[in-house]
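Number of protein chains: 2
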Amino acid sequence: MKYPILYQAFKNYINLSTEAYLNLEPKLVTKTLDKNEYLIRDGQVIRHLPFINEGLMANYRLDENGGVHVLQIRWTGWWLGDIYSFFAGKPSSFNIRAYQPTELLMINHDTFDFMTREYPIFERYYRIAIQKSYINTLNQVFNLHSLSAEERYLELVQNYPTLLDDIPHYLIASYLNIRPQSLSRIRKNHKK
Amino acid sequence: MKYPILYQAFKNYINLSTEAYLNLEPKLVTKTLDKNEYLIRDGQVIRHLPFINEGLMANYRLDENGGVHVLQIRWTGWWLGDIYSFFAGKPSSFNIRAYQPTELLMINHDTFDFMTREYPIFERYYRIAIQKSYINTLNQVFNLHSLSAEERYLELVQNYPTLLDDIPHYLIASYLNIRPQSLSRIRKNHKK
DNA sequence: CGTCTATTTGAATGTACTCAAAAGCGGTGG
DNA sequence: CCACCGCTTTTGAGTACATTCAAATAGACG
Chain A
0 MKYPILYQAF KNYINLSTEA YLNLEPKLVT KTLDKNEYLI RDGQVIRHLP
50 FINEGLMANY RLDENGGVHV LQIRWTGWWL GDIYSFFAGK PSSFNIRAYQ
100 PTELLMINHD TFDFMTREYP IFERYYRIAI QKSYINTLNQ VFNLHSLSAE
150 ERYLELVQNY PTLLDDIPHY LIASYLNIRP QSLSRIRKNH KK
Chain B
0 MKYPILYQAF KNYINLSTEA YLNLEPKLVT KTLDKNEYLI RDGQVIRHLP
50 FINEGLMANY RLDENGGVHV LQIRWTGWWL GDIYSFFAGK PSSFNIRAYQ
100 PTELLMINHD TFDFMTREYP IFERYYRIAI QKSYINTLNQ VFNLHSLSAE
150 ERYLELVQNY PTLLDDIPHY LIASYLNIRP QSLSRIRKNH KK
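Those sequence lines, one after another, are chains A and B.
Residue 174 in numbering that gives the first Met the number 0 sits at position 175 of the first sequence, and the numbers go up by one each step.
Residue 121 in numbering that gives the first Met the number 0 sits at position 122 of the second sequence, and the numbers go up by one each step.
Where hints are given, some of them may not hold.
[As the list claims (entries may be wrong)] One-sided excerpt, in silico: chain A residues whose CB lies under 8 Å from chain B:
#1 Leu70
#2 Pro119
#3 Ser132
#4 Ser145
#5 Ser147
These are calculated hints, taken from the structure and not from any lab test.
It should be emphasised that the depicted structure is a prediction, and the values quoted were computed from it without experimental measurement.
Every residue, glycine too, gets a C-beta built ideally from N, C-alpha and C.
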């Protein structure tokens, strides 16, 4: 077993046989990204489902003025791709980028079809994994509705205290939907 | 075939046999809701996956001050429940309410298990349906990040021109994350 | 050490808010 | 049929949170 983190990710949601996992493993495509390297840029079609075996990534979209809007930040043990682009075969609207040196394990269409055909339990795995992302995103909407900029910041540092050490603050600011200047001022208020 | 809208919803995403559908149909639980009636209130566990066969519903969450935050508005042909509560068996944090007379077709746990066991293609259907909701919700986050109150309003009326006639404006305002007063002022600017 | 980028600080501004009250609308009963 | 009541929407005035613009400081990297 070469990738225990991925195996564990499956086991967290489904009862997967070792055999099924071991039949999948040789089909995985590995990819390493340097810090700041892109996995995809908007307009490209993503051909894989990327699992972060090690590292830190984020995606962002550009608005019509070219402004950057970070929507998701993910690290070791999570998936970060664009399931719309992958499943529809359409160009992605996201830029997806590593912000720390990253190793990905990627599943392409053939492998996805193989997995779900031979072991239908994988279909359930993806249903649950996507469901989890969906619930997270709904919480993100609720936070944007119900929390002030300062409260969103505090919620983030509460849940991910080390994140501010791992990626530039202006990306955190974008993720929180505030300006870097405001983030700086908020942080000033919270250290004494 | 009693519920062609539901049948079509399945067919939109998967290649479903008529037989599979017809075996499901008698197991559906129907429920009608009057205008303004609740399907569930927060704190309750939802025991079904509710499909809107006819009508209009929305969900909302309360913040710590009791403020209402509408997160989703759905009508005929869509699902609106709480998959977290349903699958985890935990109390929901949502209030889900009909805003027009509504007829629901509901799938309970036994039926869900039956469907996915006898016809594994249903597992794929739910993966795709949840994926769709997830993508919508990501777009919602992006809109909150990148659009002004006025732009969010315009985007909504563009996509759903009749919505303002179907539910109170203060719910639309909540969904857009603006105050009813602001919605009123925005609307004033856009009629002449 | 020097350059480039990120973060911080200051001052002025603006978008959407709160508070307050009036007007509009719909249903009910006299 | 009209009058009244409760709720929703509109309007007005003042306010606040986070913004923009601008510039200084700090930090990272070659």
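Results of checking the hints against the structure:
no.	hint	verdict
1	Leu70	holds, 6 Å
2	Pro119	holds, 5 Å
3	Ser132	holds, 6 Å
4	Ser145	holds, 4 Å
5	Ser147	violated, 11 Å
Violated hint: 5 only; the structure is consistent with all others.
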